[in-house]
Amino acid sequence: MKFNNINVTISKNAKIGHNVLIGDNTTIYDNVVINDNVIIANNCIIGEPNNKYYEDVSNYINPTTIIGKNSLIRSHCIIYSGSKFDENFSTGHRVTIRENSIFGHNCRVGTLSDIQGNVSFGDFCSLHSNVHIGQSSTIGSHVFIYPYVVFTNDPTPPSIVCKGPTMGDFSIIAVGSIILPNVKIGKHCLIGANSVVGIDIEDYQLAIGNPAKPIKDVRDFKNKEGYMHYPWPYNFERGMAWEKIGFEKWKLDNGYEND
Amino acid sequence: MKFNNINVTISKNAKIGHNVLIGDNTTIYDNVVINDNVIIANNCIIGEPNNKYYEDVSNYINPTTIIGKNSLIRSHCIIYSGSKFDENFSTGHRVTIRENSIFGHNCRVGTLSDIQGNVSFGDFCSLHSNVHIGQSSTIGSHVFIYPYVVFTNDPTPPSIVCKGPTMGDFSIIAVGSIILPNVKIGKHCLIGANSVVGIDIEDYQLAIGNPAKPIKDVRDFKNKEGYMHYPWPYNFERGMAWEKIGFEKWKLDNGYEND
Amino acid sequence: MKFNNINVTISKNAKIGHNVLIGDNTTIYDNVVINDNVIIANNCIIGEPNNKYYEDVSNYINPTTIIGKNSLIRSHCIIYSGSKFDENFSTGHRVTIRENSIFGHNCRVGTLSDIQGNVSFGDFCSLHSNVHIGQSSTIGSHVFIYPYVVFTNDPTPPSIVCKGPTMGDFSIIAVGSIILPNVKIGKHCLIGANSVVGIDIEDYQLAIGNPAKPIKDVRDFKNKEGYMHYPWPYNFERGMAWEKIGFEKWKLDNGYEND
Numbered sequence: 265m266k267f268n269n270i271n272v273t274i275s276k277n278a279k280i281g282h283n284v285l286i287g288d289n290t291t292i293y294d295n296v297v298i299n300d301n302v303i304i305a306n307n308c309i310i311g312e313p314n315n316k317y318y319e320d321v322s323n324y325i326n327p328t329t330i331i332g333k334n335s336l337i338r339s340h341c342i343i344y345s346g347s348k349f350d351e352n353f354s355t356g357h358r359v360t361i362r363e364n365s366i367f368g369h370n371c372r373v374g375t376l377s378d379i380q381g382n383v384s385f386g387d388f389c390s391l392h393s394n395v396h397i398g399q400s401s402t403i404g405s406h407v408f409i410y411p412y413v414v415f416t417n418d419p420t421p422p423s424i425v426c427k428g429p430t431m432g433d434f435s436i437i438a439v440g441s442i443i444l445p446n447v448k449i450g451k452h453c454l455i456g457a458n459s460v461v462g463i464d465i466e467d468y469q470l471a472i473g474n475p476a477k478p479i480k481d482v483r484d485f486k487n488k489e490g491y492m493h494y495p496w497p498y499n500f501e502r503g504m505a506w507e508k509i510g511f512e513k514w515k516l517d518n519g520y521e522n523d
Numbered sequence: 265m266k267f268n269n270i271n272v273t274i275s276k277n278a279k280i281g282h283n284v285l286i287g288d289n290t291t292i293y294d295n296v297v298i299n300d301n302v303i304i305a306n307n308c309i310i311g312e313p314n315n316k317y318y319e320d321v322s323n324y325i326n327p328t329t330i331i332g333k334n335s336l337i338r339s340h341c342i343i344y345s346g347s348k349f350d351e352n353f354s355t356g357h358r359v360t361i362r363e364n365s366i367f368g369h370n371c372r373v374g375t376l377s378d379i380q381g382n383v384s385f386g387d388f389c390s391l392h393s394n395v396h397i398g399q400s401s402t403i404g405s406h407v408f409i410y411p412y413v414v415f416t417n418d419p420t421p422p423s424i425v426c427k428g429p430t431m432g433d434f435s436i437i438a439v440g441s442i443i444l445p446n447v448k449i450g451k452h453c454l455i456g457a458n459s460v461v462g463i464d465i466e467d468y469q470l471a472i473g474n475p476a477k478p479i480k481d482v483r484d485f486k487n488k489e490g491y492m493h494y495p496w497p498y499n500f501e502r503g504m505a506w507e508k509i510g511f512e513k514w515k516l517d518n519g520y521e522n523d
Numbered sequence: 265m266k267f268n269n270i271n272v273t274i275s276k277n278a279k280i281g282h283n284v285l286i287g288d289n290t291t292i293y294d295n296v297v298i299n300d301n302v303i304i305a306n307n308c309i310i311g312e313p314n315n316k317y318y319e320d321v322s323n324y325i326n327p328t329t330i331i332g333k334n335s336l337i338r339s340h341c342i343i344y345s346g347s348k349f350d351e352n353f354s355t356g357h358r359v360t361i362r363e364n365s366i367f368g369h370n371c372r373v374g375t376l377s378d379i380q381g382n383v384s385f386g387d388f389c390s391l392h393s394n395v396h397i398g399q400s401s402t403i404g405s406h407v408f409i410y411p412y413v414v415f416t417n418d419p420t421p422p423s424i425v426c427k428g429p430t431m432g433d434f435s436i437i438a439v440g441s442i443i444l445p446n447v448k449i450g451k452h453c454l455i456g457a458n459s460v461v462g463i464d465i466e467d468y469q470l471a472i473g474n475p476a477k478p479i480k481d482v483r484d485f486k487n488k489e490g491y492m493h494y495p496w497p498y499n500f501e502r503g504m505a506w507e508k509i510g511f512e513k514w515k516l517d518n519g520y521e522n523d
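Protein sequences, first through last, are from chains A, B and C. Every number in the working numbering is 264 more than the matching position in the first sequence, counting from 1. Every number in the working numbering is 264 more than the matching position in the second sequence, counting from 1. Every number in the working numbering is 264 more than the matching position in the third sequence, counting from 1.
Only chain A is shown next, with the shape it has when bound in the complex:
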């Protein structure tokens, strides 16, 4: 239904791999590389030119954008030039990703999320709907970031300082939380809903509140029904790197012995 070659515009300077589907009303700009078996749905913009384009429309050269193999970009996404996505990348609808952001493999970005540029993500990062990641954030692998979470980068707004937060592997940030500039969140952390995190959070800490404070080790946290779930990789594997293998075996095979 989506691939009728209606109002599709593909730059002559784009490279399109084998078995690629490009939806109606989609535009692929200069110097975009789309690898094999990728689906770009309808009404997308891939390789959006950066701000310099408007300063000199005629002479602008678009930086290279790379979409890894087996990726699925749903409709109405805007992906700027200069960003790179490793294989199995997928998105919801209306995602905006600014320039020079780097995603590892198997990352997912939910509907309406807004990635501000110059951000780096590890592998298997899962961002739900309407997540806002400010410039210069550094995010590990196997993380979950829930709706309406915001990463900020200016400690005394407005200023010329831009220091994004750092988020460690296997950490989780629940819905509506704000991560203040330059904060370091460790590995296997759990940040509760609607928190404002202004201090560094050590590995394995459950932190909540405004201002957020670490309140216990996640390994001691029982949910309402009284069962333990964290560290979550031992209890959740759908779509994860350790699916059908188990986290215990996977971590030994993949250099995560200490996690």
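Just so you know, the hints here were simulated from the structure itself, not pulled from any lab data. All clues given are correct.
The list treats identical chains as one, so a pair stands whether inside a single copy or across any two.
Simulated pairs of lysine to any residue, SDA-like, Cα-Cα distance not exceeding 20 Å:
#1 K508 - E521
#2 K316 - L336
#3 K348 - E363
#4 K477 - G462
#5 K276 - D288
#6 K316 - N334
#7 K486 - I424
#8 K480 - G462
#9 K488 - C426
#10 K427 - G450
#11 K333 - M504
#12 K448 - I463
#13 K316 - G503
#14 K427 - R502
#15 K279 - V297
Since the structure of chain A is provided, determine the placement of chains B and C on it from the hints.
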């Protein structure tokens, strides 16, 4: 201005009623039923295929989508197949509604709202801008949900559990509040701005805070100027089922004697 | 790359100035005035008709919309008719601005922001991503409003009351804060992240929390590293009216002696 038949794509397998207007750059996919006197504005996608489509583009059959009579869908909306809207449905711009969601009559969904699928709404539900309703939520009738409210469904993220909240008739959730998984909000409740609701809230309670706690009966709540407004249906009727009738008479005529 | 005259629709009743670029898939409706040296990028809607259009599609007359000279409207924006923008206006992507809003010169509105109509802005207003400004808000000049901030206008929702907040010159509202109806925020204020402001805030106050309370004079506020930054105009000038002049000299030259 909007209905010039420019770049409109309508599936041969869609059924379009009488006196229907379809805007420029809009696409209607397979098995969409649009009833009489509906306006679908420009740049909309109606009957968006679900995830199974991408697994087998050639053999996929799109579930039926029904848009009730006299509905108005503003521009840039994406409505998935398998969802059903009773009459007088209306939206703002850029609304996303996922598959298998059911809306009663006279519902409104504001700009940028993101309804995640498998959700049920009663009649006369009013969702303002940028509301996020997670999967499996159950929402009553005559409710108001204000901007940046989020309904969640996973009590120990990430997990395979998906238990959306339940919201009773005539309840109000103010701006920026988060409703945690499986929470039951009763009838005629008022949830204050920026609250995080993790416990069940009984009928007629005003609850606020993080974590939200019931602080008084809404019938005892006076605003800053000292007047009483709740239960609001006695004091507000614009666009409501009881407009020009009054809530007292309407509720007796419509089976709401106990409200 | 963006200006190929593909699927561009411009009303015969629009006035387009000199040296204007209009992107592919953009629609300009009736009675839009675009001044010289403006760039409207791709997939935009300028002069979106208001609600009365749908009541009588044939006889509707679109109010005048004015885009000031040297403005840059990025892709996928929807700007309603009846709004007016003074020179050097710029936007991110997917911005929605409803009818009858007035912007001074050098204003910026970030990606996904949703301006609800009948709002007035002074000059040099900077709204970041995903800001929601409710109807009838009044905003001064040289302000910064950060992501996910919401201005509200109904003190006892739902009701027929609509009283937007007022925000004074040089004030800053940090990420995720909610400004409650009819609240007056003075000049040079700083509202901390995730605050809910329900009381008037006097000039030069730093206010934080839910409910927000003034906690100190911004002129006494030191950041984590121990340095003073506020009033910020003395310490930040990039893109500001006083760039290369300095705030001290600028304010004397521009009638802000008392700021």
